[in-house]
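Same order as they appear, the protein sequences are chains F and X. Numbered per the working numbering, the first sequence spans residues 141 to 375. Numbered per the working numbering, the second sequence spans residues 141 to 375.
These aren't lab readings, by the way, just hints derived from the structure by calculation. Here the structure is a predicted model, which is why all the values come from computation and not from measurement. Warning: the hint list may mix true and false statements.
Intra- or inter-copy, both count: the list cannot distinguish identical chains.
[Stated by the list, open to error] Here are the computed lysine to aspartate or glutamate pairs in the EDC-like style, where the Cα-Cα straight-line distance is at most 20 angstroms:
#, residue 1, residue 2
1, 300, 261
2, 366, 261
3, 325, 275
4, 300, 275
2 protein chains.
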Amino acid sequence: MAQAGRVIIYGGRGALGAKCVSQFKANNFWVGSIDMAENPEADVNILVKKDENLQQQESSILDSVNSALNGSKLDGIFCVAGGWAGGNAAKDLVKNAELMWQQSVCSSLISASIAAKHLKDGGVVQLTGAKAALEGTPGMIGYGMAKAAVHHLTKSLSLKDSGLPEGAYAVAVLPITLDTPMNRKWMPKADFSSWTSLEFVSQLFLDWASGKNLPENGSLLQLVTKNNQTEVVPS
Amino acid sequence: MAQAGRVIIYGGRGALGAKCVSQFKANNFWVGSIDMAENPEADVNILVKKDENLQQQESSILDSVNSALNGSKLDGIFCVAGGWAGGNAAKDLVKNAELMWQQSVCSSLISASIAAKHLKDGGVVQLTGAKAALEGTPGMIGYGMAKAAVHHLTKSLSLKDSGLPEGAYAVAVLPITLDTPMNRKWMPKADFSSWTSLEFVSQLFLDWASGKNLPENGSLLQLVTKNNQTEVVPS
């Protein structure tokens with residue numbers, strides 16, 4: 141059976157990332173995973189070295205992607221790495237903002253760099269924003285700032301002369317709460333029927349990498365789930 | 141003559157910062173300057189040590205501010221530090237985004253930390269955004285992301301439970317081009333009548349620190365100059 145295409149999952153070892161790796165593998169894609177630990181299901185694993193600074197990380201990762209692709213182009217790059225920290229201006233503002241910058245912004249920036257070099261014409265680069273960051277976030281300031289920066293990156297990448305290949309799509313998904321084991325563990329009494337399933341998100345990405353149902357370039361897509369049904373709502 | 145109040149200028153040695161120091165001194169304010177070099181006109185200079193990491197910088201600066209104020213409160217904190225770098229996703233994206241994070245976001249974060257601890261009730265913390273970053277910025281992606289984060293910080297600080305003192309104002313100014321010696325040097329053929337004078341901006345800040353003409357909390361104020369007249373346009 142011929143290969144359906146090639147994608148990279150940034151954060152391929154996390155809950156959503158691992159689901160995406162499985163989804164793409166089940167649909168006959170070549171899958172590269174970038175994360176701090178290996179995902180054995182991926183065709184290639186590129187490990188992020190935590191002790192390297194950001195520019196070293198970018199350079200190591202770009203070298204590894206270059207070797208792994210050996211001249212082939214990517215149909216999609218899906219960046220689902222990220223983290224969460226609360227906190228307002230009165231406590232640990234700088235510390236939390238720096239952590240969120242590292243976890244959400246740096247992974248998005250490196251994904252954009254990979255896209256500029258290895259995405260095919262008309263391919264898709266997906267980043268992960270947050271619905272909460274469409275407004276001010278006084279109780280989680282660093283998190284909101286990082287996600288606002290990711291939203292801005294998405295819009296910038298979608299515009300002319302952004303450095304992405306011809307016809308490429310840049311799209312962000314803005315989850316509210318994803319239905320992951322960790323979220324179930326930390327919020328055991330929440331209403332799970334308002335959480336977005338990983339299956340839904342990974343199916344969305346599979347469609348996009350297959351050239352189906354692509355949203356408007358530069359979209360910030362809120363994932364709004366009610367009664368286990370998810371609606372994709374452009375911001 | 142009694143002191144009119146107390147302010148801190150973050151970036152007090154830059155073109156706009158030095159103008160603000162002069163303006164406040166001429167109006168009988170106590171002025172602290174935070175910058176990498178001293179401004180001899182300021183009452184107190186707090187030097188940013190470039191070899192310290194962000195959390196060390198924050199901690200050193202907060203210690204110095206604490207000593208300098210000795211229990212007094214600030215009427216205003218004005219953060220005019222920042223920088224500019226161009227570049228799209230195809231070249232130096234990570235490098236430029238990191239530089240912009242350091243120059244624009246880190247100074248804004250530390251200013252917000254100072255505000256949480258030392259601003260008086262009803263005082264003002266001003267940050268510096270950019271009109272360009274209200275939209276995507278494909279030709280200067282790192283710059284736009286950093287300014288989008290500053291806009292988000294401003295909105296977050298203006299909301300309930302942000303950690304700022306009771307009734308405090310958080311406001312960003314969004315310049316287009318400021319009429320500085322460096323800008324005249326690098327853009328000698330530009331139309332200077334569309335550039336915003338440092339006098340206008342410093343007068344605005346003086347008003348705010350004096351409790352006059354305060355804009356709506358959380359405002360992102362575009363500074364739009366035509367024929368040497370500047371209009372303040374909320375976004």
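Hint check:
no. : hint         : verdict
1   : 300 with 261 : within (14 angstroms within a copy, 46 angstroms between copies)
2   : 366 with 261 : neither (36 angstroms within a copy, 42 angstroms between copies)
3   : 325 with 275 : neither (27 angstroms within a copy, 38 angstroms between copies)
4   : 300 with 275 : between (27 angstroms within a copy, 13 angstroms between copies)
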